[in-house]
Amino acid sequence: MFDHDDRSQIVLPLVKSFCEKSFKADESVLTSLSLHLGKLCHGLQGLFTQEQHMWFLEFYKKLCRIGLHQENGHNDNQIENMELEKKYSTVRKNCAYNFPAMVVFVGAKNFHIDLYATFFCLCHDPDVPVRYTIALGFCEVCKLLGSNVYLIHKELVALLQDDSLEVVDALLDHLTETLELMTSGGDNSGLDNKLMIVPDLVPALTSAEQRVANSLKWRSHEKLLQKFSCLPHIISSDQIYYRFLHRMFTIILTNNVLPVQKAASRTLCIFLRYNRKQEQRHEIIQKLVEQLGQGKSYWNRQRFLDTCEYIMEFFSKSFFCKYFYLSVLELTGDPVANVRMKVCNMLPKLKSTLKLPADKHLLQQLELCVRKLLCQEKDKDVLAVVKRTVLELDRMEISMDAYQKRFFEKDLLDQEKEREEHLLLEMEQIEKEKQQSEARSSNEKSYERKRRDSKTGSALPKSLPTVISGSSSGTQTVSRESKKSKLIRSQSFSSQAIHPKHGSLEKGTNKSNSVIGVGKNVLLPFVEDSLKIRTGSASASMSFSSATTMSSRGPGNTGDQKTNNSKEVQSRKLSLKNRKQKS
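Residue 168 in full-length UniProt numbering is what sits at position 168 of the sequence shown, and the numbering runs on without skipping anything.
No wet-lab data here; the hints were simulated from the structure.
Remember, it's a predicted structure, so these values are computed and weren't measured experimentally.
Do not rely on the hints blindly, as some may be mistaken.
Unchecked claim - As a list, the in silico DMTMM-like pairs of lysine to aspartate or glutamate whose alpha-carbon atoms are at most 20 Å apart:
#: 1; residue 1: K154; residue 2: E140
#: 2; residue 1: K360; residue 2: E330
#: 3; residue 1: K227; residue 2: E313
#: 4; residue 1: K317; residue 2: D306
#: 5; residue 1: K387; residue 2: E377
Stated by the list, open to error - FRET-style restraints, in silico, Cβ to Cβ:
#: 6; residue 1: K154; residue 2: H422; range: 39 to 49 Å
#: 7; residue 1: L84; residue 2: N110; range: 27 to 37 Å
#: 8; residue 1: P335; residue 2: S441; range: 51 to 61 Å
#: 9; residue 1: Q365; residue 2: H282; range: 15 to 25 Å
#: 10; residue 1: L356; residue 2: H282; range: 20 to 30 Å
Cβ atoms here follow ideal geometry from the backbone N, Cα and C, with glycine treated the same way.
Using the sequences plus the hints, can you model the full thing?
Shown next as structure tokens:
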């Protein structure tokens, strides 16, 4: 209708002036404007300048907080006028309705800066209709955000934990799609998104289920239990086993509403279908047979038959025949007529799960139970069902391994289910082997680390002296010769105590011996000077110096040192005798 110039020069200024005057006009005008603001912004998006774009965005934010003195979404500071309060609440509700359009107007990249605070305010609005409306459009917002969907996972948790069950119920219609977008979309990997949201999501879902279960809204409870069937694609099987699966058992055993029990039974079968641990699967199957199939209450036994129908739907024929076939046939002798009637209606389905010749013994058990019912059944209604079922069983054909091509189309889905079941077992085995290899490698690494630490600890005191001694080869010789000189000095000190007159000679010889290891050429003039002092004892001193040099050059044996010491003492005694004779 209008070209680009007319829209930018005529329509856009009119819309802006109308928005400016709407606050001064009647509140009904503001209510109507808030309802169509998203369409206006989306339709005129290509005409806005940057300034006009920011003006309309701020105008929308102002409408989202109208009627609240504080911008944190609490309801303790509202306007006293009730009529005006209702109109303002309607304005905020319309803003919540238009929020997806405003996400398109702003863009997903600018959402965190421009609209996240407003979205937080709407999710925590004091009025239930506002929160209900934003919950209805939550999935649409997740789609529009794309890679930035992780920004609003806290708001999803807050809405799941909302006090109003209407708000929780508004999330349930698209909860499966919302959870899948939350845990798989975004620039972050799916694993990162799961690690971010799952710790908060699991408690929120369990608390929401508890609150819905305690209410009288069994339809909401049924819907929530049906939506739980998507959890195997969202969280791990261990989290499902410990947080949700036992809750499903409790609902089946204790809840009095049949649709709720059937929803819990169906979800339980899906949890069992995607459980990856064989031990947990066997435990679940055992509980189903013992607590439901063999339960004291006929109501529980009927729920067991409902569960078996779901198992035939989700699992392969071989799986059902292995774990549940005989337990169902046992109920043909149940004391309650309603249970027997339900089993009789299931007999054609039981026969369709058999494959000959592998299941020939199960077919014989089925035929035996039918004969007993025809002969012993006293209830007229049950007997009528049995006779009708017998005719249907006679017309049925059983798939045989030898003629598998005839039943190829029928068994194709069953073969796919069986293949997936075997794949789960293989995946479990692979995970066990991976865990064992990781544990083995961690043990080897710890052992290697300990061995390395022990090696370094034992090598540390050995390496310290080697580093010190390896710094220079001369220090080793000095230390060895110093030890020898100390030994000779101690011997000379003992001889000084006996002969104190010859102290100067002993000092000179000790000095010469202490420096022999460093260099022989340096010692020669020092020894000659010391020998010139005593001309009278030249022969004795020369014998003494030769003895000391021989002891210093020797290999350091204690026997040689003793002989040298004895020769030295004898030479000193001879020199003393010669001096006495001369005197």
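For this session: Would you list, in rising numerical order, the hints stated earlier that this structure does not obey?
Result: none
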